[in-house]
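J.: Below are the chains, spelled out letter by letter.
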Amino acid sequence: MTTIALTVIGHDRPGIIAAVTAELADLGLNLEDSTMTLLRGHFAMMLICTGPVTPPEVEKALEPLTADGSLLVSAREVTPEPERPARGAPYVLSVHGGDRPGIVSAVTRELAAAGGNVTDLTTRLTGDLYVLAAEVDLPEGTNVGALGDRLAAVGADLGVEVVLRPQETDVL
Amino acid sequence: MSRVADWSVAELGVEGRVLPVLTAPHPMLGVPCEQVDPTDPKVVQLAADLVATMRVSPGCVGLAASQVGQSLDVFCVDVSRHPKARTHHGTFVLCNAAVVEATRREKAREGCMSVPDLTGDVKRATRLAVTGTLPGTGESVTIRTDAFEARALQHEIDHCAGMIFLDRVAGAHAVFPRRTYL
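These protein sequence lines are chains A and B, in that order. Read left to right, the first sequence gives residues 1 to 172 (our numbering). Read left to right, the second sequence gives residues 1 to 182 (our numbering).
These are calculated hints, taken from the structure and not from any lab test. If you're wondering where the values come from, they're calculated on a predicted model, not measured in any experiment. Take the hints with a grain of salt, since some may be wrong.
Here are some, though not all, of the chain B residues that point toward chain A, as calculated from beta-carbon distances under 8 Å [claimed, not checked]:
no.: 1; residue: L118
no.: 2; residue: K123
no.: 3; residue: V175
FRET-style restraints, in silico, Cβ to Cβ [unchecked claim]:
no.: 4; chain 1: B; residue 1: G59; chain 2: A; residue 2: L72; range: 37 to 45 Å
no.: 5; chain 1: A; residue 1: V144; chain 2: B; residue 2: P41; range: 38 to 46 Å
no.: 6; chain 1: A; residue 1: A19; chain 2: B; residue 2: R17; range: 51 to 59 Å
no.: 7; chain 1: A; residue 1: V118; chain 2: B; residue 2: R109; range: 22 to 30 Å
no.: 8; chain 1: A; residue 1: V144; chain 2: B; residue 2: M28; range: 24 to 32 Å
no.: 9; chain 1: B; residue 1: M28; chain 2: A; residue 2: T79; range: 46 to 54 Å
no.: 10; chain 1: A; residue 1: V144; chain 2: B; residue 2: E15; range: 45 to 53 Å
no.: 11; chain 1: A; residue 1: H42; chain 2: B; residue 2: R109; range: 21 to 29 Å
no.: 12; chain 1: A; residue 1: L39; chain 2: B; residue 2: G13; range: 52 to 60 Å
no.: 13; chain 1: B; residue 1: P116; chain 2: A; residue 2: L72; range: 30 to 38 Å
no.: 14; chain 1: B; residue 1: P41; chain 2: A; residue 2: R165; range: 37 to 45 Å
no.: 15; chain 1: B; residue 1: P27; chain 2: A; residue 2: V171; range: 31 to 39 Å
no.: 16; chain 1: A; residue 1: T35; chain 2: B; residue 2: E15; range: 51 to 59 Å
no.: 17; chain 1: A; residue 1: R165; chain 2: B; residue 2: P116; range: 23 to 31 Å
Some, not all, of what chain A presents toward chain B, calculated at C-beta under 7 Å [as the list claims (entries may be wrong)]:
no.: 18; residue: G97
no.: 19; residue: G98
no.: 20; residue: L121
no.: 21; residue: R124
no.: 22; residue: L129
All residues carry an ideal CB built from backbone N, CA and C; glycine is no exception.
Bound-form chain A, shown alone:
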């Protein structure tokens, strides 16, 4: 059994997911996790699958989809990651302000310096407004107030608002 990380990115049209997953199913690959979305109108798929094939065989099977150059496919073998309990406490980081290069790097550098692990992050750009929302696990013992102040200072330098708050779990 091989664990394969597959990315498919390119011009969006109806039927890409159907076509890609049909080929994967024919190869006996099981989709274990995936995210498929549009990034600025470009189709983008990332998935982890397992099966009795090699990455070159996967890329070969998907060649009919990439032949016209509209889609880019990459398959790589990866080592299975063991299930790990969440490390630390979950926080939500929100950033919004005027768009400019370097917002994500400046903010995530500060998080990384504090040992924070970003587990999910999305951004939106609409007109001049740039918005980032991220989920971050902070190590136990983090001085969250001080980190929030440092993030706000980074934001002030960039002219964006940065707020770090505990993620509220849903009551089920």
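Could you slot chain B onto chain A? The hints should help.
T.: Only chain B this time, still in chain A's reference frame:
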């Protein structure tokens, strides 16, 4: 009928003017507002202007002074025509409002005239008590409400604290392109 539900913008005795609404990333939206004297004629005019601007804006259920470029702790709300409203107090304006009780937090989608192209999922209390003062007379009032009016009040009180809903989104996948424009 409570004093707030009974309140009418006509009590202000001035004609409201429709003002332009600022949109993010305008810096004024991030600045905490100053407390006001609710009997100050400037505040009375602002209250009338907020209601007039809210009424000409399709789908608008609340508007804070910071959204029209005035860093003052004043906002208006009217959710009476909104399908998600349960309890409501019609059109009203509050100055120097504060949340005094907030329970039963639930996540729901909200939008904002100052963020016209995005919506977001935000957890808010669905049972709420808010204190504040009425513009003009300066009477102290307490509003007890629920559901959508509670959400609108918390959203506007956030504006007065220099926050918008994007500061409170529930997670990494809680910001959405707006699909419906009223």
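J.: Against which earlier hints does the structure fall short, listed by number upward?
T.: The structure breaks none of the hints.
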